[in-house]
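S.K.: Read off the chains here:
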Amino acid sequence: MIIQQQKRKSLFAGKKLIPYLLVSPYLLYVVIFVLFPVIFCFFLTFHKWNIIAPMHFIGINNYTRLIHDRLFWKAIVNTLKFLLLHIPLQILLSLSLAELLNRKIRAISFFRGSFFLPVIVSGVVVTILWQQLLGYDAGLLNRLLEKCGIGKIGWLVNPDLAIYSIAIMATWKNIGLYIILFLVGLQTVPTQYYEAAKLEGASRWQQFYHITLPMINPTIFMVVILSTIGGFSLFIEPYIMTGGGPLNQTLSAVLYIYKQAFQYYNMGYSATLGFFYAMMIMTVVLLQKRLIEKEH
Amino acid sequence: MKAFKFSIREGIVYMILIVAAISFIYPFIWMIGAAFAPMHEIEKMTIWPLHPDWNNFRSMIEKIPIGRSLVNSLLVAAITTSLVMVTGSTVGYALAKMHFKGRKLIFYVIVFTMSLPFQITLIPNYITMVNLHLVDTFFALVIPFAVSAFAILMFRQAFQGLPQALIDAARMDGCNEWGIIFKILWPNIKPTLVTVAILTFIGSWNEVLWPLIVIRDEKLMTMPQLVTLFAVGGRADSQLGVKIAAAVLLALPVMIAFLFFQKHFIQSMASTGLKD
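Residue numbers (my numbering), protein chains in the order written: chain A, 1 to 296; chain B, 1001 to 1276.
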C-alpha cells in the first residue's frame, strides 16, 4: 500500500517535471545565449579588453568615447541615409508590383518566382553580382547609360552616392518578399467595396486611395518595421562592395562594430557600441509601433 | 470598343511586369554566363559567352577549398535545421498543450527575445565561444542556432490548432510525450514542418556574419564565408570570372531548390512577416 502510494507519488512528480524537461532546451538557450550575453555586454561596456590581456575597469570611458566618436556617428548617419531611400522605395515599388499582380495574370507564378529569386539567394551572391552591374567602367548600368547618352555615374565610387546605390541594391534583393506580403494584404480587401465604389463612379486611382490604401495600412507598417530592422543590420553588402568606403560613406554601424572587435580587438568598446546601437534600434522600432497604434 | 480598351490596359500591365521580371532574372543569367566566360569576354556583358569553358571553375578549385565548404555548409544547415525542428517542437508543444507554472512567463520571454537586436549579443556570444574553446569547430556554427524563438512560436501555434482528443487518445494507448509529439502530432502539421525547415535551412545556409567571427580555419569555413573572403581578400581580384564562378556555386543549390519548391518557399518566407 505504502509502496504503491510512493510509486504513484513519484510518477506524479515525474509527470510534473515533464513540461520543464520539454522546455529545457529553450531555458538553456535563453540563459547561455541571451540573458548572460546581455548582462555580460553591459559589464563589458565599463571595461577595456583585448581578449588576451586582463580586463581593465575604466568606468564610463567607453561611453564618453562613443559620444565623441565621429566615425560611429557617421556610420549611424549612413545607416539612416540608407533607410531614408530604402523604405519609401521599397514600399512604392513592392506595392505597385503587387497591385499589378493582384488580378487575373497569366504565368503569375513565373512573375512571382522571378521577383522572389533574389530574396532566397545569399546576400553575398547579390552583392558580388551588383558590384559588376554598378562598376564604373565596365558595369552594365553605366554601359546602358552611356548608350542613352547620359554618361557614366560613379555608383560606388562617388562618396555622396555610394550608400544610396547600396540602398537600391537592398531594395532589389528584398522586394519579392514585400510583394508577397502586399499581395496577401490586397487579397483581404473585400471585392464588394470596389464594386460599390465603381457604382458610385469612383476612378481607379480614387478606389486605390480611398479603399485599398486604408485597408492595407497594417501591411505598410509591417513592411516599414521589417525593413527598418533589416536596414539597421546592414553589414555584408558594404563589407564586400566597398569595405565601408569611399571616405567611410558606406560604413554601416554593424560593420563598424565588427571592425572595432575583430580588426582592432577593442572588445569593451565594441560591446559598448553594440549595446548602445541595440538600445537605439529597440527605441526606433518601439516608436514606430506606438505611432501605428495611435493611427488605428 | 470596351474590349479593345481593356486589352490595352492589360498590355501595359504585362509590359511592366515583363520588364520588371527581366530586371530580376537577367543579372542571374548573366552571372551564370560570365562564370563560363574567358576574362576578355566578361567585360562585354553579353548574356552568353562566345567561347565558354570551365577555366574559371578550375582555377577557383585550385585556389580555395570550395567543395569542402559546400559540404560544410550542407552539414551545418542540415544539423541546425534538425535541431531547431526538435527543440521547437518540444518547447512549442509544452507551451501549447501543457499546464505548468511559468508557462506564460516563458512565452513572454520568447516574444521579448525575438525583438532583441542581435547586435547586443554578438560580441558576448563570440567571447562565450572563445571560453568554451569552440572557436574553429562546427559546434560554434550550430549550437547558437539550435533553438529558435521563431520556430517555437510557429510550432506552438500549430499545436494549439490540434484537438486535445488526439493527445488523450495517444496517452491512453500508452504513448509518451516524445511519441505524441513526433509520431502523433507531427504528421498533422506538415505545412508548419515545411515552413520551419525551409526558413531555418535557408537562414543557416545564407548566414555569413557569425561564421566570419568564429571560424578562421579555411577547412571549416562555410560557403558564403569562403566566397566572401575570396571576394574581398584580393585572391580573386585579378580574375573577375573566378569570383563570379564562386558566386554561381553559392547560388546554385538554393536556386535549384527554389525551382522545385517555389510555392513552399514563398509561403514560408511570407509567414515570417505575417506571424507578428
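No lab work stands behind these hints: they were computed from the structure. Computed from a predicted structure; not experimentally measured. Please note that the accuracy of each hint is not assured.
As the list claims (entries may be wrong) - In the SDA-like style, the derived pairs of lysine to any residue whose C-alpha atoms are separated by at most 20 angstroms in a straight line are: (1) K259(A) - W1210(B); (2) K1219(B) - F1139(B); (3) K74(A) - L247(A); (4) K1101(B) - I18(A); (5) K15(A) - K1219(B); (6) K1263(B) - V119(A); (7) K16(A) - W1210(B).
S.K.: State for each hint whether it applies.
M.R.: Each hint, compared with the structure:
1. K259(A) - W1210(B): holds, 14 angstroms
2. K1219(B) - F1139(B): Holds, because 14 angstroms separates the two Cα atoms, which is no more than 20 angstroms.
3. K74(A) - L247(A): This hinted pair holds, its Cα atoms lying about 10 angstroms apart.
4. K1101(B) - I18(A): holds, 12 angstroms
5. K15(A) - K1219(B): With a Cα-Cα distance of about 46 angstroms, the restraint between K15(A) and K1219(B) is violated, given a limit of 20 angstroms.
6. K1263(B) - V119(A): Measuring from Cα to Cα gives roughly 14 angstroms; hence the hint holds.
7. K16(A) - W1210(B): Measuring from Cα to Cα gives roughly 38 angstroms; hence the hint is violated.
In summary, the structure is inconsistent with hints 5 and 7 from the numbered list given earlier, while agreeing with the others.
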